[in-house]
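> Here the structure of chain A is known, so what remains is to put chain B in place on it, guided by the hints.
Sequence lines, in order, name chains A and B. Numbering (our numbering) for the first sequence: 33 to 321. Numbering (our numbering) for the second sequence: 17 to 486.
Since the hints were derived computationally from the structure, they do not count as laboratory data. Do not rely on the hints blindly, as some may be mistaken.
[As the list claims (entries may be wrong)] Each computed DSSO-like pair below joins lysine-lysine, with the alpha-carbon atoms no more than 30 Å apart:
(1) B:K170 - A:K167
(2) B:K485 - A:K226
(3) A:K152 - A:K167
[What the hints assert, rightly or not] With the C-beta cut set under 7 Å, the calculated list includes, among others, these residues of chain B facing chain A:
(4) A91
(5) T214
(6) G216
(7) P218
(8) N254
(9) G460
Cβ atoms here follow ideal geometry from the backbone N, Cα and C, with glycine treated the same way.
Chain by chain, the residues run as shown.
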Amino acid sequence: MHKPHSPEGKGKGSFRGLVISTAFLGILSVNLGCSYGEDQVVANFTEITVQDEFDVDGAPDSSLWDYNIGTRGDGWGNNELQYYTDRPENIIVQNGYLIFTARQENFEGSGYTSARILTKDKFEQRYGRFEARIKAPYGQGIWPAFWMLGANSDEVIWPACGEIDIMEIRGQEPTVLFGSVHGPGYSAGEAITKRYDLENDRFDTGFHIFGIEWGPDYVNYYVDDVLYNRITPEDLPNPDNWVFNQPFYLILNVAVGGSFVGSPNEETVFPQTMLVDYVRAYKYNGPNE
Amino acid sequence: MKNGLFIYLKNTLLVVSMLALLTACEREVTDQVSFATFPINPEVFIDGFSGGLEYLPFDGSKLDAFSVDPDVKFAGTTSMRFDVPNFGDPSGSFAGAVFPDMGGRDLSGYDALTFWAKATEAATINEIGFGVDFGENKYRVNLPNLRLGTGWNKYTIPIPDPFLLTVEKGMFFYAAGPQDGDGFTFWIDELQFERLGTLGQPKPAIFNGEDRIETTFLDVQIPITGLTQTFNLGSGGNQTVSAAPAYFDFSSTDNEVARVSESGVITIVGTGTATITALLAGVKAAGSLTVEVGGSFQTAPLPPARNPEDVISVFSDAYANVPVEYYNGFFTPDRQTTLGGADINIGGDNVIRYTDLNFVAIKTLNTVNANAMTHYHLDIVVEDQQISDGDFIRVLLVDAGPDNVVGTGDDTEAFVEFDNQTLVSREWVSLDIPLTDFVGLNTGNLALYFFVSDATISNILLDNIYFYKE
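This is chain A alone, in the form it adopts within the complex (with noise of 0.2 Å):
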């Protein structure tokens, strides 16, 4: 059984946290966006539990998180055609940001690289609100996400562990988000997902802040200042498979190819980045705890 990572046992900067969780509160809870036309409550649960602000350079805190290693001999289910490492060539902490590179490069078989990191094992929480700044690659075929899995995800095959995907952008689509559940019954091509198109802007040529806000019966998506989804146990084929009452971990990966994108094309760039500003997790502070 996990407990939820203790900032006070990391040491880092936790007070800074809150000052600085209440402020973006603040703004969160303003009309921000001009194009948006109602003030909008994105975000409710303010009290910092982990954070990882990316600001000393080097490899990522492995007290936070590890690596997924290789191909698992089937590209992790989805037939993707990268080899994972840990090299800095695919992942490093720079000026600020975790830089994510995706190489075409031929690998241990594969043709290419890149990196993919989890908390599992060392931060997991139920409930709570989950948010990272990212920058996104773009190009056919690559495949950036922010999600999560159920902590028992070594015991409970997938997909009855649950899976929560924050983030989930087709590089070929880069002004596209999708934000899904996987569950029993409800999983691969038949998982619950919402696209928000994003207008007049991209994922690629700026940040934007990608979340959730997660509670018993419920998860609340939002990218910037818009609540684009609501999925609650009503939303599945079966309300009573609503797996989501464990502990979940984080992952941040980019994949090339796969079931859910296609191969990269001669259009495709290499190597292409994705930038990580900070991953900041909150407690749940709502009924029914």
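The following block gives chain B in isolation, referenced to the frame of chain A:
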């Protein structure tokens, strides 16, 4: 009462003088500062001509190819209709026009020209874009060979750098010719500039992104070609357009060797090596040209004066030349790699240059009767740094025979080969080849004049190619 009036007057005076002061301040400001305000209207043709728009067809085009169509349209009441003529149409051999707003518009707030289009059949529009104003065409953008289908599709022509288009007159232009001789019709609707916000990842290029190296000479002028800008569209694919030189900032690594003008013409001014590169809106363009300049161009030895009846000249500035059909047959299906032709003119001296040589042929318009001649002369420079053993230039002549047609049974051909015993790297060598050396060759109907190296030698210059009677 008098007091009141006085106060009233005083207040009025105060107010009036305040007003005068304020007005005076405003007037002063507008005297010193003049704001050029050009209209920002993005619409070109929605349901009719936008204000200020004119229709100016190109010379030689079918003047009435364009009309406004109230029946076929994507949206609204009308669309632009273009009827491309058949080959041989007496009223014009192609359809093409410029649609300018001669008052000029400020397009700097937009990032693309967009429109919906369809055609009566799958069709190619040879040129379409904006920035042509029948004047300088300074910021011309062209999307070449646009393919249209029979259903309505939206097309996007990105502006390479909108910041520069503060006073643009060229709203839209197009040119389209018949396909396989047949004309067709296409329609354009909702033609306008837009601020999409979804164009990203600009990738400009010069020389189509290639890094080229060229040996050249003093005073030569080399235009920069292959100027393009590419954006990734919101729909995920790339869109490449040709962009006028004015969008680019050119630079040379050595201005004492090569200089580049704003119009993208490189002028060689000194010996040495220089590399030309470019930026577009601050982004480095792919591609470059490195010039290696040895010195002045050395002209070939001047041919001697001859009686006209003693010379049949194919290529020379010293004699009258017979008409030539082509200087390079581009026999691509036969795997010819050779590029170039009679492209060099340095101070009035015309020279043939072939690069990437494996074989190439010149064809005279009519066959040449050289029966009265005794020799075949040519001047040749091998530009390759080195002529190794086994490298050769094969001078090969093809005679079409009495039927005057190449490829029939009465043809004859023969060749003479030259190697490093005769040819010298980077120097003119004059060859006077007795026609009797071409064993088995008839010379009454000479048609093709080949130069073959099988890629042992890559780059040559040729001049003074002629037959003469000693």
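> All the hints need checking, so say for each whether the structure fits it.
Structure-based check of each hint:
1. B:K170 - A:K167: holds, 28 Å
2. B:K485 - A:K226: violated, 86 Å
3. A:K152 - A:K167: holds, 24 Å
4. A91: violated, 20 Å
5. T214: holds, 5 Å
6. G216: holds, 4 Å
7. P218: Check failed: Cβ of P218 (chain B) comes no nearer than 10 Å to chain A, outside 7 Å.
8. N254: Cβ of N254 (chain B) sits 5 Å from chain A, so the hint holds.
9. G460: violated, 52 Å
In this structure, the hints that do not hold are numbers 2, 4, 7 and 9, in rising order.
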